[in-house]
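A.B. asks: Sequence:
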Amino acid sequence: MARLLRVEYEGAIYHVTMRGNERQVIFRDDADRERLLERLGQRVEQYGIRLYLFVFMTNHVHLVLETPEGNLSRFMHNLETGYTVYYNLRHKRAGHLLQGRFGAQLVERDDYFLRLTRYVHLNPVFVKRAKRLPSKERIEHLRHYGWSSYPSYIGLRKKLDFVEYGPMLSLMRVKKKQQRREYRKFVEAGIEEKDAELKEALKKSRLSIGSEEFRRWIWDKHIELLEGHEPEDVSFRHESRKVETEEILEAVSREFVVEKTEIFQRQKGTYVRQVAAKMLCKYGGLTQRQVAEMLKLGTGAAVCLQLKRLQESLAESRALRRQIVRIERILEGQK
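Under this note's numbering, think of the first position of the sequence shown as 1, with each following residue one higher.
Simulated from the structure, these hints should not be mistaken for lab results.
Honestly, I wouldn't trust all of these hints.
[Unchecked claim] Here are the simulated distance ranges between beta carbons: (1) Ser135 - Val257: 52 to 60 Å; (2) Glu137 - Arg289: 52 to 60 Å; (3) Glu137 - Trp219: 18 to 26 Å; (4) Lys175 - Lys204: 34 to 42 Å; (5) Arg132 - Arg322: 33 to 41 Å; (6) Ser170 - Arg289: 29 to 37 Å; (7) Gln267 - Trp219: 29 to 37 Å.
[What the hints assert, rightly or not] Pairs of lysine-lysine, BS3-like flavour, derived with a Cα cap of 25 Å: (8) Lys204 - Lys175; (9) Lys221 - Lys194; (10) Lys158 - Lys175; (11) Lys282 - Lys268; (12) Lys296 - Lys282.
Where a beta carbon is used, it is the ideal one built from N, C-alpha and C, also for glycine.
Please model the entire structure based on the sequences and the hints provided.
C.D. replies: In structure tokens, the structure reads:
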């Protein structure tokens with residue numbers, strides 16, 4: 001089976017798996033688990049990752065995370081390499097500990113994201129020995145499993161500083177005080193009620209988890225990488241060629257059928273300034289601060305926020321994705 005190129009972009013959400021080489025164990029005791037958890041927290045901060053959950057099993061690890069800076073590969077390389085060096089030194093061994101390549105599927109936001117977190121958090125009760133337990137004992141095992149973010153999600157353990165709980169709990173769409181309880185009910189219902197639709201979605205694409213539209217969008221981006229002969233693990237944030245600012249603004253204004261002057265004005269219900277900011281960074285070689293000054297968006301941080309919101313909208317809107325593709329083709333000289 002051919003290796004897929006690593007699709008990375010700012011604001012992407014991934015289900016990441018680290019597996020032992022040839023299914024070997026990657027933790028011999030709790031000291032090993034503590035070391036990886038400590039390193040995970042450090043690298044999350046170092047690389048600006050938003051970690052939503054984790055589960056450590058005997059021979060593999062699950063992470064669900066977001067990459068605001070589009071830097072998944074660099075983050076994972078550092079995490080895996082450091083842990084392997086530690087493990088080999090401590091246990092006086094040599095050679096590969098982990099499979100040569102970590103798994104990473106892009107995740108569509110909201111419904112698929114929420115259901116995936118349930119699937120991942122339930123891992124400890126789907127191993128063979130736990131499956132044989134009565135339902136009540138399986139629930140207790142899940143609630144008190146020591147190497148998962150689940151107990152802290154439902155209030156049985158102190159929250160970890162490097163895990164972001166709010167975004168996912170907010171998807172429960174109840175009052176804040178009720179979110180933990182509702183999430184607990186949602187997850188634990190999955191012990192008996194299998195999510196056949198999610199399981200099918202997990203199998204449909206090695207690249208992504210989500211609706212047919214989302215999977216097609218990610219696949220199209222993968223094809224773009226293949227056709228561009230990009231090296232493995234590249235980001236969408238490459239510069240194909242530096243394009244003049246006026247040319248970028250012209251392409252954006254034509255696609256959105258607005259005057260160029262309107263790009264500089266704050267307007268509700270349109271993505272024109274967000275798209276212009278993205279194209280100016282990607283094709284114009286401008287920094288976020290320079291874009292902020294040009295488009296009167298305040299600061300570089302404000303541009304970063306606008307780009308993140310745009311990426312969220314792209315994951316949900318096929319029409320917007322088509323507009324982006326048309327603009328990019330023009331700017332890349334594929335008129």
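A.B. asks: Next step is simple, just say for each hint if it's right about the structure.
C.D. replies: Hint-by-hint comparison with the structure:
no., hint, result
1, Ser135 - Val257: 52 to 60 Å, "58 Å, holds"
2, Glu137 - Arg289: 52 to 60 Å, "56 Å, holds"
3, Glu137 - Trp219: 18 to 26 Å, "42 Å, violated"
4, Lys175 - Lys204: 34 to 42 Å, "35 Å, holds"
5, Arg132 - Arg322: 33 to 41 Å, "50 Å, violated"
6, Ser170 - Arg289: 29 to 37 Å, "30 Å, holds"
7, Gln267 - Trp219: 29 to 37 Å, "32 Å, holds"
8, Lys204 - Lys175, "35 Å, violated"
9, Lys221 - Lys194, "32 Å, violated"
10, Lys158 - Lys175, "21 Å, holds"
11, Lys282 - Lys268, "24 Å, holds"
12, Lys296 - Lys282, "18 Å, holds"
Hints 3, 5, 8, 9 from the list above are not met by this structure, while the remaining hints are.
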